[in-house]
Structures are given as C-alpha cells and as structure tokens.
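Quick note, the sequences are listed as chains U and L, same order. Residue 208, in the working numbering, is where the first sequence stops; the numbers in between run on with no holes. Residue 208, in the working numbering, is where the second sequence stops; the numbers in between run on with no holes.
Note that these hints are calculated values from the structure, not bench results. Any given hint might turn out to be false.
Since copy identity is lost for identical chains, a pair holds within one copy or between any two.
Straight line, CA to CA, 16 Å or less: simulated EDC-like cross-link-like pairs of lysine to aspartate or glutamate [stated by the list, open to error]:
1. Lys180 - Glu157
2. Lys119 - Asp133
3. Lys119 - Glu26
4. Lys144 - Glu130
5. Lys144 - Asp163
6. Lys180 - Asp42
7. Lys138 - Asp42
8. Lys171 - Asp156
9. Lys180 - Glu36
There are 2 protein chains.
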Amino acid sequence: MKKTISQATIDRLPLYFRTLRLAEEESLQIISSDELGRRLDITPEQIRKDLATFGQFGRKGIGYDVRELKERIGNILGLHNHWRLAIIGIGHLGGALANYVNFASLGFSVVALLDRDKKIVGHKVNGIEVCDIARMKEIVASKAVDIGVITVPADEAQGVADLLVAAGVKGIWNFAPIKLSVPSTVPLVNEDLSVGLSALSYHMSQE
Amino acid sequence: MKKTISQATIDRLPLYFRTLRLAEEESLQIISSDELGRRLDITPEQIRKDLATFGQFGRKGIGYDVRELKERIGNILGLHNHWRLAIIGIGHLGGALANYVNFASLGFSVVALLDRDKKIVGHKVNGIEVCDIARMKEIVASKAVDIGVITVPADEAQGVADLLVAAGVKGIWNFAPIKLSVPSTVPLVNEDLSVGLSALSYHMSQE
Chain U
2 MKKTISQATI DRLPLYFRTL RLAEEESLQI ISSDELGRRL DITPEQIRKD LATFGQFGRK
62 GIGYDVRELK ERIGNILGLH NHWRLAIIGI GHLGGALANY VNFASLGFSV VALLDRDKKI
122 VGHKVNGIEV CDIARMKEIV ASKAVDIGVI TVPADEAQGV ADLLVAAGVK GIWNFAPIKL
182 SVPSTVPLVN EDLSVGLSAL SYHMSQE
Chain L
2 MKKTISQATI DRLPLYFRTL RLAEEESLQI ISSDELGRRL DITPEQIRKD LATFGQFGRK
62 GIGYDVRELK ERIGNILGLH NHWRLAIIGI GHLGGALANY VNFASLGFSV VALLDRDKKI
122 VGHKVNGIEV CDIARMKEIV ASKAVDIGVI TVPADEAQGV ADLLVAAGVK GIWNFAPIKL
182 SVPSTVPLVN EDLSVGLSAL SYHMSQE
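Go ahead and model the full structure; you've got the sequences and the hints to work with.
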C-alpha cells in the first residue's frame with residue numbers, strides 16, 4: 002500500500018477503527034455508512050468516499066462487514082505492528098501519556114520511561130520504572146522500542162530527538178512546541194494540544 | 002466572518018499564529034511564504050492558498066507583515082476573547098492540561114479545576130484549588146468560565162457535559178473516548194491523542 006492518502010482521511014481512520022471495534026464488541030456483524038456516520042458525526046458520503054480510497058468494501062444497500070473493515074483499516078494504519086513506545090520526559094504530560102488507556106486499545110504499548118531528573122529515576126509510573134536518559138541506547142535495544150515520545154521542554158527536545166535517532170527508533174512523536182530536525186527515514190509527527198482548543202475557539206466565535 | 006473555512010485550514014491556523022508570534026519576538030517585521038513554509042514544513046503554495054481564504058494579505062515578492070497577519074489570524078480564531086477554561090477530572094491528563102504552557106501562549110487561561118474525588122478536592126494544581134464538582138454552577142458563574150474541558154473517564158463524561166451545559170459554558174473540549182450529546186448551540190471538539198499516534202504508525206508502515 003504505497004498509495005498516498007490525504008492527511009484528513011488518515012486522521013479519520015483511527016476513529017473508524019475504534020468505532021468498528023466497539024461495534025464488534027456489541028456483536029454487530031454488518032454496519033451501514035449511515036450508522037457509522039451517526040456514531041461518528043461524519044456524513045455517510047464522506048465515509049463512503051474515505052473507504053473507497055482503499056478499494057472495494059461493503060455492499061450497496063447492506064453495509065460493511067464490521068470485522069473485515071476493522072482489520073483492513075488496522076492494517077492500513079499499521080496497527081498490527083503493535084508498536085512499542087518509550088516516553089522521554091516524565092513530567093505531567095509524560096505521566097499522563099504513560100497512563101493513557103486509549104493507546105492499548107489501538108495496539109500500542111508503553112514499554113519504557115526515561116528522564117534525566119535523578120529524583121524521578123527509579124520511581125514507577127503505571128508499573129513501569131523510570132530509567133536515566135543516559136541509558137537510552139541500551140533501553141531502546143533491550144525493550145525493542147519502536148517509537149520515541151518526546152515530552153521534555155522545548156529547549157531539550159532536539160537533543161532528545163538526536164539521542165532517539167542514534168538509538169535506532171523507527172518514529173518520533175513530539176509534544177514539544179518546536180520544529181525538530183530528524184532524518185527523513187524517521188517519520189515524525191508533531192502534536193500540539195492547543196490546535197484542538199483553537200478550533201473550538203474558532204467555532205465559539207462563529208456562534 | 003461567517004464564511005466557512007475547511008477544518009484542515011482551521012487546524013493550520015494555530016500553527017501559523019504561533020510561528021508568527023515567535024517571528025514577532027525575533028523582531029521580524031516581514032515574512033515570506035517561503036520562510037513561513039520552511040519553519041512549518043508546509044509548502045509555500047499551501048500557505049498562500051490558506052491565507053487567501055481570508056482575503057488579501059501580503060505583497061507579491063515582499064511577504065506578509067508579521068504583526069498584522071498574526072493579529073488577523075488571532076481574530077479569525079477568536080483568540081482575542083481570552084477564553085477561560087475549567088478542567089473537570091483532575092487525574093493524570095487533567096493535571097497535565099492544568100500545567101500545559103502552550104495554552105497561555107495562545108491567550109487561553111485555566112481558571113478552575115473540578116473533581117468529584119474528596120481526596121483531591123482542596124488540593125492545589127499549578128496554583129489553582131481543586132473544587133468539588135457539586136459546585137459546578139457556582140464556579141462557572143463566579144470564575145466566568147467559557148470552556149469546559151472534560152478529562153473524566155468515558156462513563157462519567159456525558160453527566161459532566163450535562164452539568165457544564167446547565168451551568169452555561171459556551172463550549173466543550175472533550176478528551177473522553179465517547180460521543181457526547183450537547184445542544185447545537187454549544188460547540189464541542191473531541192480530542193483523541195491516539196489519532197496522531199496512528200498517523201505516525203501509518204507513516205512508519207510506509208517506510
């Protein structure tokens with residue numbers, strides 16, 4: 002699957018995946034685009050268009066096979082890889098992410114926590130011991146870490162990214178409000194919690 | 002400004018705003034779409050297209066007036082309203098949001114924290130006292146809360162949303178992994194941290 006899919010569609014796929022997983026837990030076998038749309042607040046037209054990007058799914062007038070569609074979307078998103086995360090910077094945000102339940106439901110697992118603060122190193126968060134950041138390379142190898150999650154302050158983030166790349170992680174998820182330089186072979190996604198809040202501000206200003 | 006702007010463009014506006022604010026701090030007066038693009042990893046064409054949505058900005062071959070463009074985007078996003086937030090559910094995520102520095106940089110301020118757990122009520126987080134959720138209506142009025150931020154577990158989220166609406170908040174930012182029912186007059190934005198992580202998984206799977 003090397004076809005390019007729009008970022009907006011990629012952003013909706015995890016929502017489809019979670020909704021289908023819940024439908025599967027309800028023992029639903031078939032779901033219509035109308036019902037998916039109702040559960041997600043997305044128009045059925047948008048859903049049919051998104052799913053058509055990946056080829057022929059579902060049958061007209063009947064709906065989508067819940068399990069088949071869920072598996073297909075999970076494969077497109079690469080969730081079958083069961084990526085293993087290390088969080089670097091165990092402050093408020095890092096601690097919250099170490100405890101965030103939604104990751105497990107999508108097949109991600111947090112396997113390592115790192116910090117440079119000796120006062121935190123050795124403590125456990127959600128059952129995982131916080132290790133000294135000086136042990137990055139050893140931890141990434143021994144815990145088979147795929148993804149580095151950066152939750153350190155902005156002025157420390159590039160240094161942490163360099164350490165992660167040198168340690169051989171396959172991707173970086175950055176929460177620090179700074180543009181990081183990483184090799185093009187290491188995918189990087191920047192997260193900014195104020196983007197959603199600004200979108201809310203925009204909608205409130207239209208009222 | 003009642004014109005509809007695409008969600009993707011709205012999502013980029015806070016990034017433009019922050020980059021322009023940093024440029025302003027560097028005493029930059031004019032910035033080109035090339036330079037904005039370099040700082041944001043967005044193509045100059047996309048930037049010119051996004052900004053053209055709001056009318057005529059900038060001058061060909063010269064660039065955009067940093068301060069003017071920043072103010073204009075801030076106005077479109079409604080940031081001049083200096084929205085006041087109450088966070089409901091002071092667990093790991095709620096505590097992280099109470100300490101999240103990026104909000105202040107965009108003009109949002111956290112003015113109230115609420116929880117139903119008597120063990121947390123009365124404690125201070127980032128200088129703000131956690132109040133009992135039973136005092137919701139009184140707190141929303143006395144602290145002039147505009148936005149309710151929901152960080153309680155999924156099975157408590159609808160109840161909290163109902164309390165927020167009854168207390169008169171103008172918007173809701175929901176982190177609970179559940180679809181909430183609120184009146185159409187109260188804008189709602191759902192946040193799901195695993196969406197960004199899934200996008201990273203997608204890109205890693207293409208490598």
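These are the hints, each one checked on the structure:
1. Lys180 - Glu157: within (12 Å within a copy, 37 Å between copies)
2. Lys119 - Asp133: within (7 Å within a copy, 35 Å between copies)
3. Lys119 - Glu26: Answer is neither; intra-copy 44 Å and inter-copy 34 Å both fail.
4. Lys144 - Glu130: So Lys144 and Glu130 pass the 16 Å test inside one copy only (12 Å; across, 39 Å).
5. Lys144 - Asp163: Neither way: Lys144 and Asp163 sit 19 Å apart in one copy and 44 Å across, limit 16 Å.
6. Lys180 - Asp42: For Lys180 and Asp42, the Cα distance is within 16 Å only across copies (9 Å; inside one copy 33 Å).
7. Lys138 - Asp42: Neither: 44 Å inside a copy, 29 Å across copies.
8. Lys171 - Asp156: Intra 23 Å, inter 35 Å, cutoff 16 Å: neither.
9. Lys180 - Glu36: between (40 Å within a copy, 13 Å between copies)
In terms of the numbered hints stated before, the structure departs from hints 3, 5, 7 and 8, listed from lowest to highest.
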